[in-house]
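J.: Given next are the chains, with one letter for each unit.
There are 2 protein chains.
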Amino acid sequence: MITFINRFHVTGATEEFEAAFDATSAFFADRPGFLNHRLLQHVDEPHLYVNIADWKDEESFRAALAHPEFAAHRSRLRTLSSSDPNLYVPLLERVAR
Amino acid sequence: MITFINRFHVTGATEEFEAAFDATSAFFADRPGFLNHRLLQHVDEPHLYVNIADWKDEESFRAALAHPEFAAHRSRLRTLSSSDPNLYVPLLERVAR
Numbered sequence: 001m002i003t004f005i006n007r008f009h010v011t012g013a014t015e016e017f018e019a020a021f022d023a024t025s026a027f028f029a030d031r032p033g034f035l036n037h038r039l040l041q042h043v044d045e046p047h048l049y050v051n052i053a054d055w056k057d058e059e060s061f062r063a064a065l066a067h068p069e070f071a072a073h074r075s076r077l078r079t080l081s082s083s084d085p086n087l088y089v090p091l092l093e094r095v096a097r
Numbered sequence: 001m002i003t004f005i006n007r008f009h010v011t012g013a014t015e016e017f018e019a020a021f022d023a024t025s026a027f028f029a030d031r032p033g034f035l036n037h038r039l040l041q042h043v044d045e046p047h048l049y050v051n052i053a054d055w056k057d058e059e060s061f062r063a064a065l066a067h068p069e070f071a072a073h074r075s076r077l078r079t080l081s082s083s084d085p086n087l088y089v090p091l092l093e094r095v096a097r
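Residue numbers (the working numbering), protein chains in the order written: chain G, 1 to 97; chain C, 1 to 97.
A portion of the hints provided could be inaccurate.
Label pairs and their calculated CB-CB ranges [stated by the list, open to error]:
no., chain 1, residue 1, chain 2, residue 2, range
1, G, F70, C, A23, 39 to 45 Å
2, C, D30, G, F27, 39 to 45 Å
3, C, A72, G, D22, 42 to 48 Å
4, G, T11, C, A23, 38 to 44 Å
5, C, P90, G, T11, 27 to 33 Å
6, C, T14, G, A96, 25 to 31 Å
In short, the hints are calculated from the structure, not lab data. Even for Gly, the Cβ is constructed at its ideal location relative to N, Cα and C.
Working from the sequences, and respecting the hints, build out all of it.
T.: Here's what the structure looks like:
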């Protein structure tokens with residue numbers, strides 16, 4: 001499993017960003033290898049968001065980004081925000097007893 | 001639920017940071033309101049880590065930080081890394097069909 005984490009700084013209207021992100025999320029959910037994602041909003045700075053997405057492996061994630069339909073999602077999000085994308089591997093996990 | 005996300009830039013040995021973080025993780029797992037956490041390591045830059053921790057609410061998270069035993073964990077991690085802590089609320093989630 002790999003985890004893609006993208007921090008967004010929304011420069012447009014947050015409602016528009018959230019609607020655009022929802023459409024992007026639906027697109028990713030249909031791609032092979034997608035496991036789950038969650039979009040979070042900063043408690044103190046509501047124009048800051050972070051998306052955390054788990055994928056089966058880097059190959060399936062890259063294939064989703066290369067899908068012809070992704071370009072329109074990316075360019076819509078780019079008109080509304082800047083982002084800081086990073087890819088991680090899981091190392092340690094604990095769940096409440 | 002609230003989510004605490006902390007990005008770490010490890011300046012010391014990564015093995016030492018991972019051991020110190022494991023001890024801190026065990027401390028948090030015993031606090032009321034802790035739900036789960038995961039520590040991830042950057043794919044391309046192994047000195048970069050991110051911790052994602054879910055808590056029942058901000059009060060229980062703040063109480064854990066104010067616990068007398070936390071100070072030693074914090075100062076140990078601070079000798080090994082710098083960090084960028086942020087608090088978020090969940091907004092949107094999708095799981096693979």
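J.: Now, for every hint given, state plainly whether the structure supports it.
T.: Results for each hint:
no. : hint                         : in the structure
1   : G/F70 with C/A23: 39 to 45 Å : 41 Å, holds
2   : C/D30 with G/F27: 39 to 45 Å : 41 Å, holds
3   : C/A72 with G/D22: 42 to 48 Å : 43 Å, holds
4   : G/T11 with C/A23: 38 to 44 Å : 40 Å, holds
5   : C/P90 with G/T11: 27 to 33 Å : 23 Å, violated
6   : C/T14 with G/A96: 25 to 31 Å : 27 Å, holds
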